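Protein sequence lines, in the order shown, are assigned to chains A and B.
Position 5 of the first sequence, counted from 1, bears residue number 5 in this note's numbering, the numbering being contiguous throughout.
Position 7 of the second sequence, counted from 1, bears residue number 7 in this note's numbering, the numbering being contiguous throughout.
Calculated from the structure, these hints are not laboratory results.
Since the structure is predicted, the reported quantities are computational estimates derived from the model, not experimental observations.
The beta carbon of each residue, even a glycine, is placed where N, CA and C say it ideally should be.
Do not take every clue at face value.
Distance condition first, Cα-Cα at most 27 angstroms in a straight line; then the derived BS3-like pairs of lysine-lysine [unchecked claim]:
| # | chain 1 | residue 1 | chain 2 | residue 2 |
| --- | --- | --- | --- | --- |
| 1 | B | K40 | A | K235 |
| 2 | A | K130 | A | K169 |
| 3 | B | K50 | A | K116 |
| 4 | A | K235 | B | K39 |
Derived list of chain A stretches under chain B, where covered just means 3 residues or more per stretch with a C-beta under 8 angstroms from a C-beta of chain B [claimed, not checked]:
| # | stretch |
| --- | --- |
| 5 | 6–12 |
| 6 | 16–24 |
| 7 | 271–284 |
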Amino acid sequence: MKNNFIVVKRVIRIVRIGLISLSIFLILFLFYKDFVPSGIFIVENSIKKRSAVFSDFYPPVRIREKECNQEGECWRTMICDPVYFEITTPRSFDRGELIIKYKNYGQDVFQLGLQKRGEWRFQFHPLENKILDNLSWPSLRNGGLILFQKSNDYSSLKNFFSHLPYDKKIGLFYYSFPKEIMNKFKIKPVILKDKFNPQDFDYILAAYSPPKNENGWQVSEVNFTIPPEYFIGRKLKFMLSAPEMDFKRSKIQIKDIKVILYRQPITLDNFFPRFKRYLKRLFRIK
Amino acid sequence: MNLKSKEKKWKKFFFYFFREVFIIESITFLILLIMEDSKKGLVSNYLDLKVFLIIAVVSGIISLLGSNYFSLNRY
Chain A
1 MKNNFIVVKR VIRIVRIGLI SLSIFLILFL FYKDFVPSGI FIVENSIKKR SAVFSDFYPP
61 VRIREKECNQ EGECWRTMIC DPVYFEITTP RSFDRGELII KYKNYGQDVF QLGLQKRGEW
121 RFQFHPLENK ILDNLSWPSL RNGGLILFQK SNDYSSLKNF FSHLPYDKKI GLFYYSFPKE
181 IMNKFKIKPV ILKDKFNPQD FDYILAAYSP PKNENGWQVS EVNFTIPPEY FIGRKLKFML
241 SAPEMDFKRS KIQIKDIKVI LYRQPITLDN FFPRFKRYLK RLFRIK
Chain B
1 MNLKSKEKKW KKFFFYFFRE VFIIESITFL ILLIMEDSKK GLVSNYLDLK VFLIIAVVSG
61 IISLLGSNYF SLNRY
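Model the full assembly from the supplied sequences, consistent with the hints where possible.
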């Protein structure tokens with residue numbers, strides 16, 4: 001009888017150690033996730049898997065519930081402009097990247113907006129602009145920057161920036177020159193809105209990458225900076241907008257959205273001060 | 001070892017196991033609650049706190065049913 005008890009006691013001790021280790025591991029894992037030591041925070045909103053920090057799209061009347069085809073592909077259809085979604089971040093971040101997989105049925109302009117705290121103002125980024133995509137002018141590309149030229153005057157973007165055409169009509173799409181360069185222009189470059197006539201310009205300089213095609217879906221990628229005033233508490237509020245959707249009566253099918261947020265990673269040098277600051281904020285110690 | 005004693009051993013293990021689960025899960029649940037209270041989303045963004053509550057309650061009820069096994073006088 002006593003022998004039995006010793007065996008049970010030993011097994012129970014192992015169970016106890018196992019459970020305590022599991023709990024400690026779990027708590028440490030949660031702190032690790034929240035501390036974001038790598039400086040990279042990835043959130044996904046796909047039909048199959050939605051991260052808990054990713055809110056649903058709203059208002060619900062502007063976006064249909066999940067639909068699937070026979071191949072098992074699923075999506076949600078945006079039927080009214082605009083729709084919003086939010087991301088709750090564990091910490092603050094400096095910049096981000098958004099990758100969206102979608103199908104556009106006839107919208108010339110599709111864009112992403114990031115809302116400024118306390119104001120109805122958004123930092124916009126182009127996801128798709130059909131005016132630029134359909135422009136047949138010769139173009140030069142370097143990274144996320146593209147120059148369309150009516151007549152093929154420049155051989156490279158470097159050449160363009162070193163010999164800027166101060167007396168020609170330039171349209172700037174999500175790009176701006178520094179103020180001192182702007183002042184040198186005889187004809188002031190025009191900041192282009194979503195809709196414009198390319199024929200009004202000699203050059204169009206755009207910070208824009210056209211969407212790629214991936215298995216019949218369009219994939220757009222935008223990079224954005226996140227100044228502190230864009231954090232609404234710990235949330236980032238995004239807007240997906242196709243301004244002509246309401247009167248064009250067309251739709252956009254959204255399959256996946258992936259957001260990657262970046263901040264300075266934790267290194268051996270900055271670990272202690274940052275961890276101290278993190279704990280102080282966490283437990284509201286002044 | 002006769003059958004009765006073997007059965008008793010397993011019953012004992014069963015109730016002792018759930019007592020351990022109850023104590024450790026309850027403490028973990030309380031720590032997680034404090035963490036969630038200090039920063040909303042710290043726990044709930046990754047785990048469902050309800051699961052911990054259910055485990056703690058169920059294991060608590062089971063260990064309560066076998067409370068007579070925990071008496072020291074029995075050994």
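Each hint, compared with the structure:
no., hint, result
1, B:K40 <-> A:K235, "12 angstroms, holds"
2, A:K130 <-> A:K169, "21 angstroms, holds"
3, B:K50 <-> A:K116, "35 angstroms, violated"
4, A:K235 <-> B:K39, "13 angstroms, holds"
5, 6–12, "holds (count 4)"
6, 16–24, "holds (count 4)"
7, 271–284, "holds (count 3)"
Of the hints listed earlier, the one the structure fails to meet is number 3.
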